[in-house]
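These protein sequence lines are chains A and B, in that order.
Using the working numbering, you'd call the opening residue of the first sequence number 1 and step up by one each time.
Using the working numbering, you'd call the opening residue of the second sequence number 1 and step up by one each time.
By construction, these hints were calculated from the structure, which means they are not laboratory data.
Keep in mind the model is a prediction, meaning the values are calculated, not measured.
A portion of the hints provided could be inaccurate.
[Stated by the list, open to error] Calculated pairs, DSS-like style, for lysine-lysine (alpha carbon to alpha carbon, straight line, at most 25 Å):
#, chain 1, residue 1, chain 2, residue 2
1, A, Lys54, B, Lys393
2, B, Lys35, B, Lys98
3, B, Lys78, B, Lys133
4, A, Lys94, B, Lys322
5, B, Lys280, A, Lys47
6, B, Lys103, B, Lys43
7, B, Lys103, A, Lys100
8, A, Lys100, B, Lys393
9, B, Lys322, B, Lys333
10, A, Lys47, B, Lys91
11, B, Lys279, B, Lys310
12, B, Lys448, A, Lys100
13, B, Lys133, A, Lys96
14, B, Lys280, A, Lys104
15, B, Lys322, B, Lys361
16, B, Lys293, B, Lys322
17, B, Lys23, B, Lys43
18, B, Lys123, B, Lys133
19, B, Lys35, A, Lys96
20, A, Lys96, B, Lys416
21, B, Lys416, A, Lys104
22, B, Lys91, A, Lys100
23, B, Lys290, B, Lys280
24, B, Lys123, A, Lys47
25, B, Lys448, A, Lys47
26, B, Lys361, B, Lys416
27, B, Lys129, B, Lys322
28, A, Lys47, B, Lys443
29, B, Lys43, B, Lys58
30, B, Lys393, A, Lys104
31, B, Lys133, B, Lys91
32, A, Lys54, B, Lys78
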Amino acid sequence: LLLKESRELERNPMASKGSPLHGPRARLIEQAHRLFAETKEHVFESKASEEHAKLLRSQHELEVSTKQPIFVGSSVSDTIRTCIVMGNERAALKVKSEFKVPDKRWYWLKSYALATVGNWDALEKF
Amino acid sequence: MAQIPNLDNAPLNLAALREQSQKDLLNILRSLRGKKCVVIDPKLAGTLSLILQTSLLKEYGAELRLLTTEPLQTECPKILYLVRSQLNFMKLIANQIKSDEPKGFQREFFLYFVPRRTVACEKILEEEKVHQKLTVGEYPLYLVPLDEDVISFELDHSLQECLIEGDTSSVWHVAKAIHKLEFAFGVIPNVRAKGVASAKAAELLNSMQQEDPVNMDDMGAPEINTVILLDREVDLVTPMCSQLTYEGLLDEMLQINNGSVEVDASIMGGQQDGKVDGKKVKVPLNSSDKLYKEIRDLNFEVVVQVLRQKATSIQQDYAEVKATNTQSVSELKDFVKRLHSLPEIARHVHLAQHLQSFTGKPSFHARLDIEQTILEVQNFEICFEYIEEMIHKQEPIENVLRLIVLLSLTNAGLPKKNFDYLRREILHSYGFEHMPLLYNLEKAGLFKRQESRSNWIGITRALQLIVDVNDTAKRSIEELLKLLPGPHLDLKRGNSAINASLEVHQGLDRVGHRSLVLVVFIGGVTFAEIAALRFLSAQEGMGYDFLVATTKVVNGNTILRPIIANSKEVMI
Numbered sequence: 001l002l003l004k005e006s007r008e009l010e011r012n013p014m015a016s017k018g019s020p021l022h023g024p025r026a027r028l029i030e031q032a033h034r035l036f037a038e039t040k041e042h043v044f045e046s047k048a049s050e051e052h053a054k055l056l057r058s059q060h061e062l063e064v065s066t067k068q069p070i071f072v073g074s075s076v077s078d079t080i081r082t083c084i085v086m087g088n089e090r091a092a093l094k095v096k097s098e099f100k101v102p103d104k105r106w107y108w109l110k111s112y113a114l115a116t117v118g119n120w121d122a123l124e125k126f
Numbered sequence: 001m002a003q004i005p006n007l008d009n010a011p012l013n014l015a016a017l018r019e020q021s022q023k024d025l026l027n028i029l030r031s032l033r034g035k036k037c038v039v040i041d042p043k044l045a046g047t048l049s050l051i052l053q054t055s056l057l058k059e060y061g062a063e064l065r066l067l068t069t070e071p072l073q074t075e076c077p078k079i080l081y082l083v084r085s086q087l088n089f090m091k092l093i094a095n096q097i098k099s100d101e102p103k104g105f106q107r108e109f110f111l112y113f114v115p116r117r118t119v120a121c122e123k124i125l126e127e128e129k130v131h132q133k134l135t136v137g138e139y140p141l142y143l144v145p146l147d148e149d150v151i152s153f154e155l156d157h158s159l160q161e162c163l164i165e166g167d168t169s170s171v172w173h174v175a176k177a178i179h180k181l182e183f184a185f186g187v188i189p190n191v192r193a194k195g196v197a198s199a200k201a202a203e204l205l206n207s208m209q210q211e212d213p214v215n216m217d218d219m220g221a222p223e224i225n226t227v228i229l230l231d232r233e234v235d236l237v238t239p240m241c242s243q244l245t246y247e248g249l250l251d252e253m254l255q256i257n258n259g260s261v262e263v264d265a266s267i268m269g270g271q272q273d274g275k276v277d278g279k280k281v282k283v284p285l286n287s288s289d290k291l292y293k294e295i296r297d298l299n300f301e302v303v304v305q306v307l308r309q310k311a312t313s314i315q316q317d318y319a320e321v322k323a324t325n326t327q328s329v330s331e332l333k334d335f336v337k338r339l340h341s342l343p344e345i346a347r348h349v350h351l352a353q354h355l356q357s358f359t360g361k362p363s364f365h366a367r368l369d370i371e372q373t374i375l376e377v378q379n380f381e382i383c384f385e386y387i388e389e390m391i392h393k394q395e396p397i398e399n400v401l402r403l404i405v406l407l408s409l410t411n412a413g414l415p416k417k418n419f420d421y422l423r424r425e426i427l428h429s430y431g432f433e434h435m436p437l438l439y440n441l442e443k444a445g446l447f448k449r450q451e452s453r454s455n456w457i458g459i460t461r462a463l464q465l466i467v468d469v470n471d472t473a474k475r476s477i478e479e480l481l482k483l484l485p486g487p488h489l490d491l492k493r494g495n496s497a498i499n500a501s502l503e504v505h506q507g508l509d510r511v512g513h514r515s516l517v518l519v520v521f522i523g524g525v526t527f528a529e530i531a532a533l534r535f536l537s538a539q540e541g542m543g544y545d546f547l548v549a550t551t552k553v554v555n556g557n558t559i560l561r562p563i564i565a566n567s568k569e570v571m572i
């Protein structure tokens, strides 16, 4: 039952997808995270929902600092890519370390992002 | 060429079945006098196109509409809804009827469920308070002949329902459909089943026979000798592999729906006026096309060669005709006859060319290599890294999942470390909203944590499943052919009631005419598997003709896509 409940919660926040208020969404997911954490079998789910909430918060911060509502709802990888495309390498690095993105993925994302914007100089250096 | 297949060569009188369905439908139409508007759900429209020409409906004074969320725009005083018994359709219908009310039309509404009414659906109509306005009926369409040797029950989500949602109504549908076949062709004496759902279907079939027995007195010997029921769950490996037969590839790349593919007109070499750009054309694919019948089950590489040969031989003939003016009339006749096959050749040359644009890519071959490596369970690291890289590149999630599922199946799950790592990478790359999807896949046993040692290697060795890659001509066919029979799954699933094994049975009935075996795949069958069965029945000394029946023709993508979509839907 507990599991069901947390799954429900996991789903619920999506109803508010696209709404500018992501505060409640992140909170709901954190609630799910706690519920998952109460059982032993759902360590993974618990971690994932914790990260999800974290992601939403940092995306929110990014949106505030860049004044562009393009982050919330995208994945970790997409967020990093968007940052690099916008030339904000520092923010990208921050996301990288925050979510412990493996180097391999990081290189793929970076070179892909730099190639899309045609920033060949940066790609050369990197 | 028509999309409705020609069934003259069918091992069973399928044409009669189709005529019956046709007649049933027309009777329903006839029962409503005057002009009427027929509203069909989109999926069913495709199915019906295999039964009758839409122009026929117009002759019966019917306007055709697809069921959508929009209110209905029509002048007709009578509305006939023809839909499958799905809950969401009931809502749509209720909304349409309600939106009609204030306009003050005097309309009669009819609702025919395909294939039968269900309590849940009627409950919704009651809740919506529209049931009194409706005259409810049933249109018992349980199966549709897809081709002369393939029957479809048209249950798209059977596998997903059984594995994830625990909804086994599709199993009942299958049993009912087979029972209906028995009414037409006699009680099938041998029933073999493999897997949970199959065993259940076999039981249901028995109880149906008890409740509503087929009267055998006025019938000759039963036309179907044996029915073999197989669960897709028993072998999920095959659909996850890329198919290499011509038909299989067409399905993988372009998706065959209701016996035809839709492609850009430009691909088919349509008029080069530039005006047809972006227009889609439907290309029918069934045995009525002699050339297609010949090449559909061959490996794609071979198909290209066959097509080339045919084209050059006609070219040579043409050159000969031109060179020697002294042709006898009969020779000319021969030549003209061969020219008649030109449009068919042209059609398949176009299709093959289009397919080659996919198969020519290095990524296609890399993928085949990886599939092979995964099947051989030799180098876990390489496979794992390949998948990891795919996720990092954010390739379409279906493609990634297909390989992951394959890897998980052949290894009886992944070690916890890798399992969690891949799941995390997926969530990071594709978004956390894929959480329920991962959960569903785990529930279905498609992608899970390793709990026991894999018996895959033992199975493959025992059955010689994997044939050398270099043997391209028949590789996929033979691979599948040996995958098909299910004895190895006995080991896995002790609960299957009756053992289905082709090989054991093979020797028994060699004498006399070939008997007919109905092979039922609950949860879907791939084109490559159908090809394998055709190949089997074409073998010399084979005492059987096969008729394939399936809930749906599937491939890895069409199995995974509804699960992906469904997992998302639940969230919204």
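Consistency of the hints with the structure:
The hinted pair formed by Lys54/A and Lys393/B meets the criterion: a straight-line CA distance of about 23 Å does not exceed 25 Å. With a C-alpha separation of about 21 Å, the suggested pair Lys35/B and Lys98/B falls inside the 25 Å cut-off, and the hint holds. The straight-line distance between the Cα atoms of Lys78/B and Lys133/B is roughly 12 Å, inside the 25 Å bound, and the hint therefore holds. Under the criterion of a C-alpha separation no larger than 25 Å, the hint pairing Lys94/A with Lys322/B is inconsistent with the structure, at around 76 Å.
For the hint pairing Lys280/B with Lys47/A, the CA-to-CA distance comes to about 47 Å; that exceeds 25 Å, so the pair is violated. With a C-alpha separation of about 30 Å, the suggested pairing of Lys103/B with Lys43/B is violated against the 25 Å cut-off. Between Lys103/B and Lys100/A the alpha-carbon distance is near 61 Å, which puts this suggested pair outside the 25 Å criterion. Proposed proximity of Lys100/A and Lys393/B is supported: the alpha carbons are some 17 Å apart, at most 25 Å.
About 14 Å separates the Cα atoms of Lys322/B and Lys333/B, which keeps this hinted pair within 25 Å; it holds. With a C-alpha separation of about 39 Å, the suggested pair Lys47/A and Lys91/B falls outside the 25 Å cut-off, and the hint is violated. This hinted pair does not check out: Lys279/B and Lys310/B have alpha carbons roughly 29 Å apart, beyond 25 Å. This hinted pair checks out: Lys448/B and Lys100/A have alpha carbons roughly 24 Å apart, not beyond 25 Å.
Annotation: proposed proximity of Lys133/B to Lys96/A is violated, straight-line Cα distance about 60 Å (limit 25 Å). Taking the CA atoms of Lys280/B and Lys104/A, the gap is about 41 Å. The hint is violated against a cut of 25 Å. With a C-alpha separation of about 40 Å, the suggested pairing of Lys322/B with Lys361/B is violated against the 25 Å cut-off. Only pairs whose Cα atoms come within 25 Å are accepted, and Lys293/B paired with Lys322/B is rejected, the gap being roughly 31 Å.
Restraint check: the Cα-Cα separation between Lys23/B and Lys43/B comes to about 21 Å, which is no more than 25 Å; the hinted pair holds. Simply put, Lys123/B and Lys133/B have alpha-carbon atoms about 14 Å apart, close enough for the 25 Å limit, and the pair holds. Pair hint Lys35/B plus Lys96/A does not hold up; C-alpha atoms about 65 Å apart against a cutoff of 25 Å. Restraint check for Lys96/A and Lys416/B: satisfied, since their Cα atoms lie roughly 24 Å apart, inside the 25 Å limit.
For the suggested pair Lys416/B and Lys104/A, the alpha carbons sit about 21 Å apart, so the restraint of at most 25 Å is met. Using a Cα cut-off of 25 Å, the hinted pair Lys91/B and Lys100/A is violated, with the two alpha carbons roughly 46 Å apart. With a CA separation close to 24 Å, the supplied pair Lys290/B and Lys280/B stays within the 25 Å bound. Using a Cα cut-off of 25 Å, the hinted pair Lys123/B and Lys47/A is violated, with the two alpha carbons roughly 41 Å apart.
For the suggested pair Lys448/B and Lys47/A, the alpha carbons sit about 18 Å apart, so the restraint of at most 25 Å is met. The straight-line distance between the Cα atoms of Lys361/B and Lys416/B is roughly 34 Å, outside the 25 Å bound, and the hint therefore fails. Of the supplied pair hints, the one linking Lys129/B and Lys322/B is violated, its CA atoms being roughly 76 Å apart against a limit of 25 Å. Distance check on the hinted pair: Lys47/A and Lys443/B sit about 19 Å apart at the alpha-carbon level, within 25 Å; holds.
Using a Cα cut-off of 25 Å, the hinted pair Lys43/B and Lys58/B holds, with the two alpha carbons roughly 20 Å apart. The hinted pair formed by Lys393/B and Lys104/A meets the criterion: a straight-line CA distance of about 10 Å does not exceed 25 Å. Between the alpha carbons of Lys133/B and Lys91/B the distance comes to roughly 14 Å, so the proposed pair stays at or under 25 Å and holds. Note on Lys54/A and Lys78/B: the hinted pairing is violated, with a Cα-Cα distance of about 57 Å set against a maximum of 25 Å.
Violated hints for the displayed structure, listed by number in ascending order: 4, 5, 6, 7, 10, 11, 13, 14, 15, 16, 19, 22, 24, 26, 27, 32.
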